[in-house]
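Peer 1: Use these hints to put chain B onto chain A, whose structure you have.
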Amino acid sequence: AQSVSQHNHHVILSEAASLELGCNYSYGGTVNLFWYVQYPGQHLQLLLKYFSGDPLVKGIKGFEAEFIKSKFSFNLRKPSVQWSDTAEYFCAVETQGAQKLVFGQGTRLTINP
Amino acid sequence: KAGVTQTPRYLIKTRGQQVTLSCSPISGHRSVSWYQQTPGQGLQFLFEYFSETQRNKGNFPGRFSGRQFSNSRSEMNVSTLELGDSALYLCASRRDTAFGGELFFGEGSRLTVL
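Respectively, the protein sequence lines represent chains A and B. Okay, so the first sequence: first residue is 1 according to this note's numbering, each after it adds one. Okay, so the second sequence: first residue is 1 according to this note's numbering, each after it adds one.
For reference, chain A alone in the conformation it holds in the complex (with noise of 0.2 angstroms):
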């Protein structure tokens, strides 16, 4: 079965620090690669994916994310994290005929102004 790993369950960070959140899944064949926020109260909210092409994708408020196929990873990346990016952050993962996506736990994130 496919799985998805966060490493990370709680990430404190100080305004301005960069920020890089891992992410692993276990699947060989085709798969598409999401990040997803939850603000406090909010629903969840597509940060980036991944489908094929260049593997680093940008998303929305200046996160990035690189796909290293050998490493089977998708790592979220900022370079500068702002209090207003403290949420919930899940990876996911959706492989070809599933027709549902597989979470990670998610890292919970807490910027200190």
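Keep in mind the hints are simulated off the structure, nothing from the lab. Hints may be right or wrong, so weigh each one.
What the hints assert, rightly or not - Here are the computed distance ranges between Cβ atoms for each label pair:
{"no.": "1", "chain 1": "A", "residue 1": "ILE60", "chain 2": "B", "residue 2": "PRO39", "range": "38 to 48 angstroms"}
{"no.": "2", "chain 1": "A", "residue 1": "GLU88", "chain 2": "B", "residue 2": "ARG15", "range": "22 to 32 angstroms"}
{"no.": "3", "chain 1": "A", "residue 1": "THR30", "chain 2": "B", "residue 2": "PRO61", "range": "42 to 52 angstroms"}
{"no.": "4", "chain 1": "A", "residue 1": "THR110", "chain 2": "B", "residue 2": "ASN71", "range": "23 to 33 angstroms"}
{"no.": "5", "chain 1": "A", "residue 1": "GLN42", "chain 2": "B", "residue 2": "ASN77", "range": "21 to 31 angstroms"}
{"no.": "6", "chain 1": "B", "residue 1": "LEU83", "chain 2": "A", "residue 2": "GLU15", "range": "32 to 42 angstroms"}
{"no.": "7", "chain 1": "B", "residue 1": "ASN71", "chain 2": "A", "residue 2": "HIS10", "range": "33 to 43 angstroms"}
{"no.": "8", "chain 1": "A", "residue 1": "GLU20", "chain 2": "B", "residue 2": "THR14", "range": "29 to 39 angstroms"}
As the list claims (entries may be wrong) - Covered by chain A, per the in silico footprint, the following chain B stretches (three or more residues, Cβ under 8 angstroms):
{"no.": "9", "segment": "32-43"}
{"no.": "10", "segment": "47-58"}
{"no.": "11", "segment": "105-114"}
Where a beta carbon is used, it is the ideal one built from N, C-alpha and C, also for glycine.
Peer 2: Quick look at chain B alone, frame taken from chain A:
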């Protein structure tokens, strides 16, 4: 454009009761999925419907069921509630089931079982 709407937003039930949750997808979206979110298990897939047909089902007991109507609105039902069913139930819609279609999530229905 209205987003995915879920009702009720909050509800409290007791063990043994049943509950029905409703989801109205974004207009034009024909695929509706349901996920259960808990602190311990994270987000887990329940089922997915497209054109009134269940296309995929997650590893949940038969107490969890769903359906989709001709207007794409969907309901899920949980019978004989257990304490462990306390969770945030999320509905998500997308235009179709094409590989890679973006899922749009609702705010969820938070169920507490006492």
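Peer 1: Decide, hint by hint, whether the structure agrees.
Peer 2: Checked hints:
1. ILE60(A) x PRO39(B): 38 to 48 angstroms: Roughly 26 angstroms apart at Cβ, these two residues miss the hinted range, so it is violated.
2. GLU88(A) x ARG15(B): 22 to 32 angstroms: holds, 29 angstroms
3. THR30(A) x PRO61(B): 42 to 52 angstroms: violated, 31 angstroms
4. THR110(A) x ASN71(B): 23 to 33 angstroms: violated, 41 angstroms
5. GLN42(A) x ASN77(B): 21 to 31 angstroms: Once the Cβ atoms are compared, 26 angstroms apart, the range 21 to 31 angstroms for ASN77(B) and GLN42(A) holds.
6. LEU83(B) x GLU15(A): 32 to 42 angstroms: The hint (32 to 42 angstroms, Cβ to Cβ) holds, given that LEU83(B) and GLU15(A) are roughly 40 angstroms apart.
7. ASN71(B) x HIS10(A): 33 to 43 angstroms: Taking Cβ atoms as reference, ASN71(B) and HIS10(A) lie about 41 angstroms apart, which means the hint holds.
8. GLU20(A) x THR14(B): 29 to 39 angstroms: Violated: the Cβ-Cβ distance is about 45 angstroms, outside 29 to 39 angstroms.
9. 32-43: holds (count 4)
10. 47-58: holds (count 5)
11. 105-114: With 4 residues close enough to chain A, the hint holds.
When the structure is compared with the earlier hints, violations turn up for hints 1, 3, 4 and 8 and for no others.
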